Amino acid sequence: MKKEGQTIGEVLRQRGISRRSFLKFCATTASIMALPPTMAPVIAATLEKTKRPSVIWLSFQECTGCAESLTRSHSATIEDLIFNVISLDYQHTLQACAGHFAEHIREEVIAEHDGEFILIVDGSIPLKDGGVYSTIAGMTNEQILKQTAAHAAAVVSVGTCAAYGGIPKADPNPTGAVSVADIIKDKPIINVPGCPPIPVVITGVLVQYLTFGLPELDDLGRPKAFYGHSIHDRCYRRPFYDKGLFAETFDDEGAKKGWCLYKLGCKGPTTFNACATTKWNDGTSFPIESGHPCLGCSEPDFWDAGSFYKSLSTPTGNIAEKAIYAAGAGLLAGAAIGAVHRTKKQAAVRQHRRATIDDLGEGS
Amino acid sequence: MTDVELLLWVRGPAFDIATVILCAGMVIRFMEIFMLGRKANLAEARGSEMAGGLGTVFRRTLVDTGTFKRTPFTVVAGWLFHIGLFVIIFLFVPHILVFEGATGLSWPGLPSNIVDAFAVITIVTLLAILIHRWRDPVLRLLSEFNDYLVWLVTFTPVLTGWLAFHRVGAAPAALIAVHILSVELLMVLFPFTKLSHAFTLWVARWYNGAIAGYKGVKS
Amino acid sequence: MEKVESISVTIQKRMTPRCASPDEATSVTPTGNLIPLLHEIRHALERWLREGHSHVIDLHSLPMSPDEQRQLLDLLGEGEVSASLSALGNSEVIETAFAGVWRVTHYNDDDVLVGHFIEICQAPDILKSHPDDGRLALKQLDDLLSSVETTA
Amino acid sequence: MNGPSFERGYNTLKEQIDAPVAAFFSSCVHCGMCAEACLFYTETGDPKYTPIHKLEPLRKVWKQEYTFWGKLGKALGISKALSDEDLSDWETLVYDSCTLCGRCSMVCPVGNDLAYMIRKLREGMAISGHAPPGLIGATKRAVTIGSPMGVKFPALQAQIRHAEAETGLTLPVDKAEADYMLLLSSMEVMNFPEFIGAVAKIFAQAELNWTISSEAFEATNSGIQIGVSDIAAELVQRIVDAAENLGVKNVISPECGHAYMAIRWEGPNLIGRPYNFKVIHILELLEQLHKEGRLKLKDKDVRRLTYHDPCQIGRRGGVLEQPRNLLNAVAANFVEMPDTAGMNWCCGAGGGVSANERADELRIRAFKRKKAQLDAVQPDALVSACANCRIQLEEGLEEYHTDIPVVSLTETIVEHLDGLGSKEGHPS
Chain A
5 MKKEGQTIGE VLRQRGISRR SFLKFCATTA SIMALPPTMA PVIAATLEKT
55 KRPSVIWLSF QECTGCAESL TRSHSATIED LIFNVISLDY QHTLQACAGH
105 FAEHIREEVI AEHDGEFILI VDGSIPLKDG GVYSTIAGMT NEQILKQTAA
155 HAAAVVSVGT CAAYGGIPKA DPNPTGAVSV ADIIKDKPII NVPGCPPIPV
205 VITGVLVQYL TFGLPELDDL GRPKAFYGHS IHDRCYRRPF YDKGLFAETF
255 DDEGAKKGWC LYKLGCKGPT TFNACATTKW NDGTSFPIES GHPCLGCSEP
305 DFWDAGSFYK SLSTPTGNIA EKAIYAAGAG LLAGAAIGAV HRTKKQAAVR
355 QHRRATIDDL GEGS
Chain B
259 MTDVELLLWV RGPAFDIATV ILCAGMVIRF MEIFMLGRKA NLAEARGSEM
309 AGGLGTVFRR TLVDTGTFKR TPFTVVAGWL FHIGLFVIIF LFVPHILVFE
359 GATGLSWPGL PSNIVDAFAV ITIVTLLAIL IHRWRDPVLR LLSEFNDYLV
409 WLVTFTPVLT GWLAFHRVGA APAALIAVHI LSVELLMVLF PFTKLSHAFT
459 LWVARWYNGA IAGYKGVKS
Chain C
3 MEKVESISVT IQKRMTPRCA SPDEATSVTP TGNLIPLLHE IRHALERWLR
53 EGHSHVIDLH SLPMSPDEQR QLLDLLGEGE VSASLSALGN SEVIETAFAG
103 VWRVTHYNDD DVLVGHFIEI CQAPDILKSH PDDGRLALKQ LDDLLSSVET
153 TA
Chain D
1027 MNGPSFERGY NTLKEQIDAP VAAFFSSCVH CGMCAEACLF YTETGDPKYT
1077 PIHKLEPLRK VWKQEYTFWG KLGKALGISK ALSDEDLSDW ETLVYDSCTL
1127 CGRCSMVCPV GNDLAYMIRK LREGMAISGH APPGLIGATK RAVTIGSPMG
1177 VKFPALQAQI RHAEAETGLT LPVDKAEADY MLLLSSMEVM NFPEFIGAVA
1227 KIFAQAELNW TISSEAFEAT NSGIQIGVSD IAAELVQRIV DAAENLGVKN
1277 VISPECGHAY MAIRWEGPNL IGRPYNFKVI HILELLEQLH KEGRLKLKDK
1327 DVRRLTYHDP CQIGRRGGVL EQPRNLLNAV AANFVEMPDT AGMNWCCGAG
1377 GGVSANERAD ELRIRAFKRK KAQLDAVQPD ALVSACANCR IQLEEGLEEY
1427 HTDIPVVSLT ETIVEHLDGL GSKEGHPS
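Chains as they are written, first to last, in the numbering used here: chain A, 5 to 368; chain B, 259 to 477; chain C, 3 to 154; chain D, 1027 to 1454.
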């Protein structure tokens, strides 16, 4: 299972992957990372000489969508190459073995590659009630995570659940779900959020890590290379936003003409992801291109950030109702205060003593 | 508190609170004004109070040429930032959505790059106005804490809004949250400061015009 | 290079009626990136001739409307060289009508476009044979020869 | 109990504040534009003359008595209560440097009627003992003698006789059931007596049934200038009584600014009831007669004439088009000054400033604004319709060595009246 000591280049050659294929892979990966195309040869040269890393993939409270995203949504082509670049030694869904044997492999990798392997996590970790809501082989997710992460070189949190808690953490968060970063504090963590994340972004992050080491992260722990721009910034419908042309409903003229979906609740302006450039389903399209506003799935708490179909800058409460009640209350309070003032003024009028020239002081 | 939690709070409870304070406060202000009453005028009228009042409500938006020549900065800067605020508040699409959400009324907005230009003009004008307030002897004499506070709470939403639009300085959710928060501060302070002139000035102008109109004078 | 400049004027004329057409429901407003891109190509070509530096432009990260992309291809045209590669899916390497300006297009196994580059160079790297591969080939050829000679 | 006191003044201010005042103070944004509308500021450059600043004592009372937050601030000790010292500090601002001309009220972008508020503030100032001695003296004379300048009826009688001798007409005194009762200002009686004869000539030509009351001929009202409504009411009541006793249909307000304000606009409100007669300004009457063809002119004045609107007649009184109609009828070469009619600059002596000797120097300084206006049009003569304005204009022009004759509009008309011999020379 393990190809101890082999470089990625050696592995690729062994598997009959030509140098041109590899160059092509590097060129497209650099393109996804928005790196200058001239970096492709550098990536190629570095990867060639890099030792093929061992990877443990842990799945916790998740829907397997992230793994599906990576393995199934694209046919086994360029993205598949990542499985040649890495040695995926443990992954529930993909590995052939099961039960004690599978767990044994995990322990073996930890022992053999202590401090060198990459830990990929998808799914959030339940902490409530001692973490009983998700256990594997009698261990809680938290225990497995802590035990494994302690020996990892770095952790990659794939998917919004692992990165920020995601849907399990959504209100009312029945399992007390938390993100990887909430538990692991002493290892570098790269968040690759998205529900699911874009497949090529997952592979891109791994390539980036292998080539350049720990990537530059934004304040939410995401690699800037992939999450550096908002959907809005890169959206092909942006010109309509700038011109003030908006679809008002899903089937009006504006929608048919492909106008901006901001009014339909698009979270593009506050969502950082590569959807608008990388797109989905073999580069076919992305939600906005299909006519649906961005849900903001790569952002923390996206499930609870108000309605998917309400613009993100609008108040969530019933403002008109509150305004009417407030005005009513103001009317009553104002009448009371006004009455006090009125009484005071009337008292002043009553106190008025008719003024005569004797009340003026000395004249000249 | 994460950015999104903050954003949800400012869009939810905080906006409710600000709305309640703004509405109740302004109604109280108006009640305080109107309940002081006004004596009926016993002199024989030469003109109409209503016509004079309404006329001045509109006419006073413009200034006579002589005064304009004497105080061009105040007039031009005042116009610029008021128009700027109007465009920003009422013609920027995300803002129209707020009004639509509250009232159900909607109207077409302007392209965002035009609103952006107005925002820049407004920001520059407001800064110039602040400097003018410091330097002009009359304004220095008149100005009190209230004036600077009002300037600040007017300037902040424009600046934070502009930053949020360009997504400069922080995460967009945080920028929007801070922007909405600054608007809420404006709303909360509205009834208690001279910001309330936005509502009371129509009453003031009407009274001015009515007093003059009764005597047959256009004021 | 006056040729490119003069063409660019005609493009704008052609662009306007196309994008203004209300029937084109899917038409997207032009980004205005076409002309600057042509200038970039021109400068890169000039630099390559002067200093020998090759240059790669990643069209993927450059926002352009479908119309503009079509126009770009039309304008660059096709030259004498056209190569196709079979490596993790197909790839096309085409010299444009402008010598030294190449279009490199990558597809995956499903023939979905995954990369689109313009390279300004003598020949794109991906076309060239790698010395390591050459060394391997030499060895294989030697083996072949020896086996052929042995058989003979 | 009697005599001025701060408490009485404060109480009066509480009485004076009404909805417009509250709306005005609520709306002020401290833009400072009113300063540029005030001749005391423009001619001195001293920011303390900014109109809204002059109203600070009234604003304090409004805020601390009639706003919830102001009351709270006062209760918590954040804002200081109004003191007698404040009123004392503001005395010169409220009286010496404000003519109640109301030009600021025309300029304020939020629509504050600042003159309306100064008028109210003076009520509190006067009764707390912070009125200028000059105005106090004038008010006392008005009440005790019947005229601020101390003019009694015999003095007027002498002028009437003089006018009768000059014109050959009989001037009716105390004529019951007359259509018109003419009021005069003591300034006209003392300084411009020719006005009486001029009016008599016009009325004779128009065959007007008119009279002068020996009981109440004085039109001026120091009460509204000093700001004591009780006294102002007493002075108005004298005219009302005389007019109603004689049973006249109309009372004519003469060429005096504040007199018109007092009798026409403030009067019914001061005495608390509408009149049984109409009040008409002499210029309104003349224009009406001219329109009706009862005022025939033999020729036109060829001099370059310009018109100075007395503030209380024009901007604050509403008689703006009549003088212009008359001037266009009588003058071949009538020109308007820049900033005219509703936006005219005050002469600098109205609102009791001329009666306040303490303000003399400032008053002459403020006249520079009028001087600049005149320099812009360079008239041969300056026409006005207020005796008080005329004195200030003459004094000011002399001070600044400018030789422009100042004439009354009524007298200008008389000079060109058809059918009756005109007086020799120009009045000066």
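Among the hints, erroneous ones may be present.
Below are the DSS-like pairs computed for lysine-lysine, each with C-alpha atoms no more than 27 Å apart in a straight line [unchecked claim]:
no. : chain 1 : residue 1 : chain 2 : residue 2
1   : A       : 247       : A       : 261
2   : D       : 1304      : A       : 348
3   : D       : 1201      : D       : 1304
4   : A       : 53        : C       : 141
5   : D       : 1322      : B       : 297
6   : B       : 297       : D       : 1086
7   : A       : 55        : A       : 191
8   : D       : 1304      : D       : 1322
It should be emphasised that the hints constitute simulated quantities derived from the structure, not laboratory data.
All values derive from a computational prediction rather than experimental measurement.
Okay, the hints, checked on the actual structure:
1. Of the supplied pair hints, the one linking residue 247 of chain A and residue 261 of chain A holds, its CA atoms being roughly 14 Å apart against a limit of 27 Å.
2. Restraint check for residue 1304 of chain D and residue 348 of chain A: the C-alpha separation of about 36 Å exceeds 27 Å, so the hint is violated.
3. A hinted pair counts as satisfied when its Cα atoms are at most 27 Å apart, and residue 1201 of chain D with residue 1304 of chain D qualifies at roughly 17 Å.
4. Between residue 53 of chain A and residue 141 of chain C, the direct Cα distance comes to roughly 22 Å. Compliance with the 27 Å bound is thereby established for this hinted pair.
5. A C-alpha spacing of about 43 Å is found between residue 1322 of chain D and residue 297 of chain B, which places the hinted pair above 27 Å, so the restraint is violated.
6. Our distance criterion of 27 Å between C-alpha atoms is met by residue 297 of chain B and residue 1086 of chain D, whose separation comes to about 22 Å.
7. Under the criterion of a C-alpha separation no larger than 27 Å, the hint pairing residue 55 of chain A with residue 191 of chain A is consistent with the structure, at around 21 Å.
8. A distance of roughly 25 Å separates the Cα atoms of residue 1304 of chain D and residue 1322 of chain D; the hinted pair therefore holds under the 27 Å criterion.
Comparing the model with each earlier hint shows violations of hints 2 and 5; every other hint is respected.
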